[in-house]
Amino acid sequence: MSRYLLRRLMIMIPSILGISIVLFTILALAPGDPFEELATNPNVPPDVRANLRAKFGLDDPVAVRYVRWLTAMLQGDWGFSFVSRIDVDALILQRLPTTMLVIGSSQILALLVALPVGIYAATRPYSVFDQIASTLAFIGFALPTFFTGLVLILIFSITLDWLPFVYRADISGSGWRWVWEHIRQAIMPVAVLGLFQAASYTRYVRAAVLDVIRLDYVTTARAKGLAERVVVIKHVVRNALIPVVTLVALQMPVVFSGGIVTEQIFRIPGIGSLLISSILANDTPVIMAVTFVFACLVVAFNLIADLLYGWLDPRITYR
Amino acid sequence: MVGSTLASPTAEIARPQPVSLAYEAWRRFRRHRLAVVSSVVLLAIILAVLLGPTFWTVPINEIDFTARLKAPSAKHPLGTDDLGQDLLARMLYGGRISLAVGLAAMVVAILVGTVVGAIAGMSRGSIDAALMWVTDLFLALPQLPLLLLIIYLFRDSLKSIAGPEAGIFILIVAIIGGFRWMPAARLVRAQFFSLREKEFVEAARALGASTTRQVVRHILPNSFGPLVVAATIDVAAAIVFESTLSFLGLGFPPDIPTWGRLLFDAKDYLDIAPHWALFPGAAIFVVVLTISFIGDGLRDALDPRKVI
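Quick mapping for you: the protein sequence lines, in order, are chains E and D.
Residue 319 is where the first sequence ends in our numbering, and the numbering goes up by one at each step.
Residue 308 is where the second sequence ends in our numbering, and the numbering goes up by one at each step.
Please note: incorrect hints may appear among the correct ones.
To be verified - Here chain E is said to cover these stretches of chain D; the calculated rule only asks that three of the stretch's residues, wherever they fall, bring their Cβ under 8 Å from a Cβ of chain E:
id, region
1, 139-150
2, 165-177
3, 237-244
4, 248-261
5, 286-292
The set of hints was computed from the structure by calculation and includes no laboratory data.
Cβ atoms here follow ideal geometry from the backbone N, Cα and C, with glycine treated the same way.
Make a model of the complete structure from these sequences and hints.
In structure tokens:
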């Protein structure tokens, strides 16, 4: 198992390197010079500027600059936020838990909806339930998160006044009241993100279960006299989940995109809203770091999917 | 899958003369009732967006402070915004841009995807492996953060080259297209892998057809079906992406009212003018939904295989 994990980690390295090359290329191709201000300032003599450029290595070949940038990124030396006046890694660590909490709970909600609905719909294909579920999945898929978010705010915060529409990290109070306040403010963002994902997951689960349910070994299991529930849960679902795990992992970039939008709508203080506010404030170090963190998260979730894959499918040996 | 099973042999007997491929596809598409209804609705929206401004001649930027945030009425069928500008006119104008972005980004994505997939599909070995590694890498990139990063870095310089409207249009189309080509590439590669071993391609090869001719005349036309389905889905995805960018305030400039931009402007007035947000949101929803249904119908009509 540990050797398998090690091998998967080794495979991750080229992905991270590839992503970092893409990021650095974008940065290197971008017009504009960090020393632009100095260049247009007549009080700075040209040789001082040249010295500064040499000191920061801006005139080195691209490859050298890339290696230097990458080592700095990997060592956690992400620079200094122009706006917040603190180190970027501290800023991100401060924001990351909120994002992970919201995205994590929404994924759990999505799977809690998609698995039962998809499996039930696939065991009764083309029934009324299946058709309603498919239509709802199409609708949920077509509703962009920014629109559902606004509609939910309109209904539950403005019309009914049940839920707060601004997410606050600094809720005062303690005990159950504090927990309840946190749950109350998380309901809408988690629902928006979770139900959107649930729509596409339901379609994956249904298709995957349908692929498996007509195979011979399922008929055999039924012929042995096993209860239908046992056949579905132990024999069908376990095999059907294998492709679903891959598809869910492939959805991670979409999930993070949805997370950014949701954080923006509900003003959740996570790294997504940090990214948007940094872009609006031209805070380049933070923008680069947040993008890098998102990329690492996607790769990490792919790794988790690979491990789950091995657990679900014993045919994949941990070599 | 439904389409292929329902295409019963009795239909063949009733119509002994050979039917064209297009007719067969249309016959199967028609069975998907939701797809047909969706086509009609989408066509109506496209016509409204294209021809609407010739009938509804209210200018999109006519400011009228006496009619601020008005609910829908006879004078303003979709109401007005905070400057008293007519929302119907703005929606029609914005719809043109949203649909144009969707179509243009789809063309870019499908072109890039087809070229990458075709090269990977025809060349075995290291070129194929390298191209697929790049494809998988792009699939693993966090797309929205990268899109935002690119827009942030390149927006000003493109604006100065091509003007604010055209510059941002080119930028958005290029990057949406540049981040959506991977499904098409995988699809085309898979198609090429199976098609290049088929007898008719072998026959063409035996007749001395060059690789280019084999690809262009024989293999590509036969992999069109799934590609059309992927293209339909790409249009919807690009429209959503553009609206997302505009909604985050990072898409088109404020004076160009795309649907996402209208939602962005409306979100602070939800309590007093909900109509302002609901109409553009509903427009995006209806367009994406109809395109998804049409894609589903086309999948039944052209190819029962799934597109990931």
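Hints, one by one, checked against the model:
For the region 139-150 of chain D, the proposed coverage by chain E is satisfied: 11 residues have a C-beta within less than 8 Å of a C-beta in that chain, meeting the threshold of three. Chain E is given as covering the region 165-177 of chain D, and this is violated because 0 residues of the stretch bring a CB closer than 8 Å to a CB of that chain, at least three being needed. Taking a C-beta to C-beta cut-off of 8 Å, the region 237-244 of chain D contributes 3 residues in contact with chain E, enough for the three needed, and the coverage statement holds. Figure legend: the region 248-261 of chain D, annotated as covered by chain E; annotation consistent (4 residues with Cβ-Cβ distances under 8 Å, at least 3 required).
Only residues whose beta carbon comes within less than 8 Å of a beta carbon in chain E count, and the region 286-292 of chain D has 3; three or more means the coverage holds.
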